[in-house]
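If you read the protein sequences in the order shown, they are chains A and B.
Per the working numbering, residue 1 is the first one in the first sequence, and the count goes up by one each step.
Per the working numbering, residue 1 is the first one in the second sequence, and the count goes up by one each step.
Hints in this document: simulated from the structure, not taken from any laboratory.
One thing to keep in mind: the hints can contain errors.
To be verified - Here are the computed distance ranges between Cβ atoms for each label pair: (1) B:G254 - A:V88: 45 to 53 Å; (2) A:G9 - B:K79: 14 to 22 Å; (3) B:K311 - A:H56: 20 to 28 Å; (4) A:P13 - B:D121: 49 to 57 Å; (5) B:G103 - A:P8: 34 to 42 Å; (6) A:E73 - B:N134: 29 to 37 Å; (7) B:E197 - A:H56: 45 to 53 Å; (8) A:L85 - B:P196: 28 to 36 Å; (9) B:E197 - A:R12: 44 to 52 Å; (10) A:E36 - B:D124: 42 to 50 Å; (11) B:G89 - A:N62: 30 to 38 Å; (12) B:P85 - A:L85: 26 to 34 Å; (13) B:G228 - A:R38: 54 to 62 Å; (14) B:K86 - A:E73: 28 to 36 Å.
All C-beta atoms, glycine included, are put in the ideal place defined by N, C-alpha and C.
Take a look at the letters that make up each chain.
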Amino acid sequence: MSVTVYIPGMLRPRCEGARHLTVEAASVRLALAEIERRFPQLYLGICEETGAVRRHVNLFVNVTNVRDLDGVETALASGDELTILPSVSGG
Amino acid sequence: MSERVYLAIGTRKGMFVAEGSKSRGKFELRGPFGPGVAVYSTLIDTRGTPRFYGSSCNAFFGMRVLRSTDLGHSFKDTKSAPTFPKDDGRALANIWSLEPGPGKKELWAGVEPASLFRSPDGGDSWEMVPGISNHEHARKWNPGAGGLCMHTIIRDGDRVHLGISTGGHYLSEDGGNTFVASNQGVGAGFAPDPYPEFGQCVHKIVRHDDAPGRLYMQNHGGWANWDGPGGPRPDIGVLRSDDHGKSWRSIAKGLPTDFGFPIVVHPDDADTVYVMPLEPMTRTCPGGSPAVWRSEDGGDSWRKLNKGLPKKQSFFTIQRDAMSVDRMKSPALYFGTTTGQVWIGRDGGEEWECLFDSLPPVHCVKVAVA
């Protein structure tokens, strides 16, 4: 499954400046594993070292937050877009 | 090139560097570096080519370590930040202290949740120090309001002192391989047992090379009027040890309150120590009138230093790493406030002037001459 992963600006220095990556993965978990293999510091910006997705990071498959799907077990199909976004918060 | 005085200022919205001449008349400000991201610890490592460091705590994307090799004109991320082993179960939440290690480029980091990491290469790679990070007490420590943080790392030959909030003081005598809780005389106000083996809310510890065995501690005070189990605990907030931290005694008599966060010692006189007393309940300046207090006799007596500081309507907090003293012939003190000011106290704190008055809330201020 060829999936496009969109990278937010603050994380692009951790993947050689790429705005998006192409990964072969059948689920969000496998996509994250591929990101960890290729860009371990990028992965640590998305997930804690425990493997949990960071509290203030949202992952969307196409237009739906994976929290409203099957979390990191959400299946991916060829052509899907996986978008990494910081949540709206701060001060 | 003549030596310059540098301040590494960590704030809630990034790191700033201030540079001034040895006269310390004016300082020029650079930054923010790592803009918009909180920096809780900074370090100016003057061994060899000076290196400036800052811990950048991004609430979204985790921790980074910032490093400058051009005297704080530009910063880049190191190749990695500390991370717990995957099977550990803990996740890095913050870096509260950065200190030089024994090796030429070695860097030590005290983190949240309270653990110690070592880098052999100036912050590019890290390994957890198991002797304290996996100590039998480690899973029993509890976070204070600021988090479960290792905020103090002091090396003294083979001795290593660590300050943990709330964990207490831990001592290693084998270079950091093994640690024991060393809190005899260190009170706790938030537990029925006023003098537990560990679990104290230590705020900061300092030592001086010229006084072997002596340490000063700002502990979590403000418990003189406690009327619950265990009874009142007056004067547990400011302490001194003369036996390498194996036992501690109060030196708080004479201060307006024994609560505070930072404590610093004069670079040339181990008997001269400075604290910044705060109201225990609000953690702000007593009566709205900030003052640094100085002892010149190792804590037996204290004198208020507030010339030039506001006399009223000032209710800021000075956090644990937000006060430093430089190593010039007539040292100056510096403190940063949660209201975004940085003050200089020239002539050992005799006269104060505001250097910067509109920075983001200040977490830490470190000074070095390079």
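Against the structure, the hints:
no.: 1; hint: B:G254 - A:V88: 45 to 53 Å; verdict: 50 Å, holds
no.: 2; hint: A:G9 - B:K79: 14 to 22 Å; verdict: 20 Å, holds
no.: 3; hint: B:K311 - A:H56: 20 to 28 Å; verdict: 42 Å, violated
no.: 4; hint: A:P13 - B:D121: 49 to 57 Å; verdict: 20 Å, violated
no.: 5; hint: B:G103 - A:P8: 34 to 42 Å; verdict: 36 Å, holds
no.: 6; hint: A:E73 - B:N134: 29 to 37 Å; verdict: 32 Å, holds
no.: 7; hint: B:E197 - A:H56: 45 to 53 Å; verdict: 37 Å, violated
no.: 8; hint: A:L85 - B:P196: 28 to 36 Å; verdict: 45 Å, violated
no.: 9; hint: B:E197 - A:R12: 44 to 52 Å; verdict: 48 Å, holds
no.: 10; hint: A:E36 - B:D124: 42 to 50 Å; verdict: 19 Å, violated
no.: 11; hint: B:G89 - A:N62: 30 to 38 Å; verdict: 33 Å, holds
no.: 12; hint: B:P85 - A:L85: 26 to 34 Å; verdict: 29 Å, holds
no.: 13; hint: B:G228 - A:R38: 54 to 62 Å; verdict: 56 Å, holds
no.: 14; hint: B:K86 - A:E73: 28 to 36 Å; verdict: 19 Å, violated
In terms of the numbered hints stated before, the structure departs from hints 3, 4, 7, 8, 10, 14, listed from lowest to highest.
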